[in-house]
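When you get a sec, could you build the whole thing from the sequences and use the hints?
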Amino acid sequence: MTRSDLVEELANRFGQLTHRDAEYAVKTILDAVSDALVRGHRIEIRGFGSFSVNRRPPRMGRNPRSGESVAIPEKRVPHFKPGKALREAVDARTEALLSARPIVKNAN
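In our numbering, the protein residues as written are 1 to 108.
One should not assume that every hint holds.
[Stated by the list, open to error] In the EDC-like style, the derived pairs of lysine to aspartate or glutamate whose C-alpha atoms are separated by at most 16 Å in a straight line are:
id, residue 1, residue 2
1, K27, D5
2, K81, E44
3, K27, E8
4, K84, E44
5, K27, E9
[As the list claims (entries may be wrong)] For each label pair, taking beta carbons as the anchor points, the in silico distance ranges come out as:
id, residue 1, residue 2, range
6, T18, R42, 32 to 40 Å
7, E8, A96, 22 to 30 Å
8, T18, G67, 51 to 59 Å
9, P57, L6, 30 to 38 Å
10, R42, S4, 23 to 31 Å
11, R39, L98, 38 to 46 Å
12, D5, K84, 19 to 27 Å
13, K81, T18, 30 to 38 Å
14, R20, R76, 31 to 39 Å
15, M60, A32, 35 to 43 Å
16, G49, A96, 18 to 26 Å
17, R42, K75, 13 to 21 Å
Keep in mind the hints are simulated off the structure, nothing from the lab. Here a beta-carbon is modelled for each residue, glycine too, at the ideal position from N, C-alpha and C.
Written as structure tokens, this is what we have:
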């Protein structure tokens with residue numbers, strides 16, 4: 001699902017929202033999440049999951065072309081941890097889809 005798909009879904013679910021309002025709402029939410037992560041804050045949405053910033057320590061890597069060792073600096077990266085309700089919903093939906101699909105054996 002892309003940002004435009006999210007805007008479309010929001011506009012379709014809430015008929016009173018114009019496409020422009022839905023686009024503004026999605027942009028505002030994503031900007032707020034991004035700004036909070038940039039400041040190092042943790043965002044928790046109960047039942048959905050939490051966003052945080054993880055630190056990747058500096059390490060030595062290798063240039064695949066030359067084989068030369070390269071120092072890779074410390075890095076901060078966004079991290080998402082799904083909540084229990086989301087994990088269970090995805091698992092249940094996946095189980096239902098897999099059990100509904102016929103099993104095809106390889107003819108080789």
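Is it true that D5 and K84 lie within 19 to 27 Å of each other by Cβ?
-> Between D5 and K84, where Cβ atoms are some 25 Å apart, the hint holds.
Between K81 and E44, is the straight-line Cα distance small enough, at 16 Å or below?
-> Judged against 16 Å, a Cα distance of about 9 Å means the pair holds.
Mind checking the alpha carbons of K27 and E9 for me, to see if they're no more than 16 Å apart?
-> holds, 14 Å
How does the Cβ-Cβ distance of R39 and L98 compare with 38 to 46 Å: does it lie in that range?
-> holds, 41 Å
Measuring from beta carbon to beta carbon, are E8 and A96 in 22 to 30 Å?
-> Given about 25 Å between the Cβ atoms, the range holds.
That 23 to 31 Å hint for R42 and S4 (C-beta), does it hold up?
-> The hint (23 to 31 Å, Cβ to Cβ) holds, given that R42 and S4 are roughly 28 Å apart.
Take a quick look at whether K27 and D5 sit within 16 Å of each other, Cα to Cα.
-> Holds: K27 and D5 sit about 13 Å apart, inside 16 Å.
Lying within 30 to 38 Å: is that true of the beta-carbon distance K81 to T18?
-> holds, 34 Å
Given the hint that K27 pairs with E8, test it: the Cα-Cα distance must not exceed 16 Å.
-> holds, 13 Å
For the pair we were handed, K84 and E44, check the Cα-Cα distance against 16 Å.
-> holds, 12 Å
Outcome for the supplied range 35 to 43 Å, where the beta carbon pair is M60 and A32 = Holds - the Cβ-Cβ distance for M60 and A32, about 37 Å, lies within 35 to 43 Å.
Confirm or reject the claim that R42 and K75 have a C-beta distance inside 13 to 21 Å.
-> holds, 18 Å
Violated hints: none; the structure is consistent with every hint.
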